[in-house]
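J.: Put together the whole structure using the sequences plus the hints.
From first to last, the protein sequence lines are chains W and E. Counting from 1, position 101 in the first sequence corresponds to residue 141 in our numbering; the numbering is continuous, with no gaps. Counting from 1, position 350 in the second sequence corresponds to residue 356 in our numbering; the numbering is continuous, with no gaps.
A portion of the hints provided could be inaccurate.
Calculated lysine to aspartate or glutamate pairs in the EDC-like style (CA-CA distance at most 16 Å, straight line) [what the hints assert, rightly or not]:
1. W:LYS104 / E:GLU161
2. E:LYS236 / E:GLU367
3. W:LYS75 / W:GLU132
4. W:LYS165 / W:GLU63
5. W:LYS85 / E:GLU250
6. E:LYS235 / E:GLU161
Simulated from the structure, these hints should not be mistaken for laboratory data.
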Amino acid sequence: MTEKPIPVPNPDSVEFWKACNEEKFLIQTCNSCGKNQFYPRAICKHCHGSDLDWQPASGRGKVKTFTVVNHAPSPAFKEDLPYVLALIDLEEGVRAMMNVIGCDVVDVHIGMDIELTFEARGDQKIPQAKAI
Amino acid sequence: MKKAIITGAYDTDVGELHGSSCMGLHAEAALGAITDAGLNKADIDGVLCAYSFTEPHLMLSSVFCEYMNIQPKFNAAIEVGGATACVMVMQAAALVESGMCRNVLVVTGDNRLTGMPKGGAVATLAKVGHAQYEHPYGMSVPAAYALVANHYMNEYGTTSEQLASISVSAREHAIRNTKAHRRTPITIEDVLNSRMIASPLHVLDCCLISDGGAAIIVSAGETGADAAKKPIEILGTGQGHTHEHIMAAPSLSDFGCKHAAHTAFGRAGITAKDVDVAEIYDSFTITLLMELESIGFFERGEAGPACLSGALKLDGQLPCNTHGGLMSYGHSGAAGGMFHVVEAVRQLRHEAEGRQVKDSEIAFVHGDGGILSAHCSLVFGRT
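T.: See the structure below:
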């Protein structure tokens, strides 16, 4: 049985993953144009400025879309079947992929409110979406 | 400007080809296309290759040229996922239109069914996801397309029956094509009752995994008079790119296919209404439905009902994926997209035995790579 993937931070993302281990989801904010972005980059994707700050997300968001996965991409995910893969829109206006956990898969719906939680994956915690 | 023409086209057998190899399929497809064009190996002065799962290499086109013992003036490999075949044809057209080359061999092939352990192709494909922000959540390619499907159905009322009808039309075409990988008749109920992969996509909403290869020869327009078969003109080409990872797509309803097709139609001087036969990337039923609406063949929300009432059949409003497409003809990586190109050539030559669209003059071909990420459209004309 292979292990589930554990994110390997790079210089763009090391702050983000460090904060996840403190159960904080950091969003980059550009000091030049004021816009937010996820995932973390060395530059602002909107204005290409490089003066970026980190802001913690409120932790509130909604399910933009989702699917109930019945066929795993690798053996590591077989024991979780069926699981929910979703795109989550955080209230700060950024989108991320997560699993929706904490409810029956049949109860997940588009527009559903979620709150961020964190799941331990080896020595790294990863953000997840928990049904409210 | 000198127009580019397609002078040769060939595809190998497709399906479960025990004993096949990636380079062997490349060689068979290449030699078939060269012969079809009435050319010799020495006439090929440009080579474009794609990528392989079973023999991945940093320099696949150099590996291929060495394998074939050919020394072209121009040689490169292109990787844009499922858009690769169309992007290769677009690049080959640019090479001959600029005068850089006279005959460009565009060749693809892979034995991803018999050449990999079970599940190997699915696991390799899932790598289009982001290593840090998507892989940890168990994203497969079908699951990523299912995210789009669920959004699209919620937004525009598309139904599972409508999606299933796309798979059924493709199978009906494959039944008429003796080369197709899957030829057992299926019904809408069969699709809906097939194993769920990632809701709302059932296994029969998904493309196949096949072994196979395909190649074409793109030649300079002035060579047409000497061509062995009726040359097919490349009238227009275009691309559209919005993202790579589905989490970063700016829209879940509109993708690069809109821009790609608009550019290709504009360069060809036609509109969607002028297309007689369409060969459009159909990795999943939702892929084709979304593309049909985004490209403008149907208004938003109208492709589903149209498909259900037979619009994609040989005698329908838009005969589409007449060989059987990726869901029934076969899908061998970059060759999957090249099967669409080869079929368009056959349709315009009026040699698509058992499945010919009557009097077809203009064909549209489209490729989609990633999760609706990279798009390339081609318009071909019968000369």
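J.: Work down the list of hints and note, for each, if the structure agrees.
T.: Each hint, compared with the structure:
1. W:LYS104 / E:GLU161: holds, 11 Å
2. E:LYS236 / E:GLU367: At roughly 12 Å apart (the allowed maximum being 16 Å), GLU367 of chain E and LYS236 of chain E satisfy the hint.
3. W:LYS75 / W:GLU132: Holds, at about 10 Å.
4. W:LYS165 / W:GLU63: Distance ~8 Å between LYS165 of chain W and GLU63 of chain W Cα, so the pair holds.
5. W:LYS85 / E:GLU250: Answer holds: LYS85 of chain W to GLU250 of chain E is near 14 Å, not above 16 Å.
6. E:LYS235 / E:GLU161: violated, 47 Å
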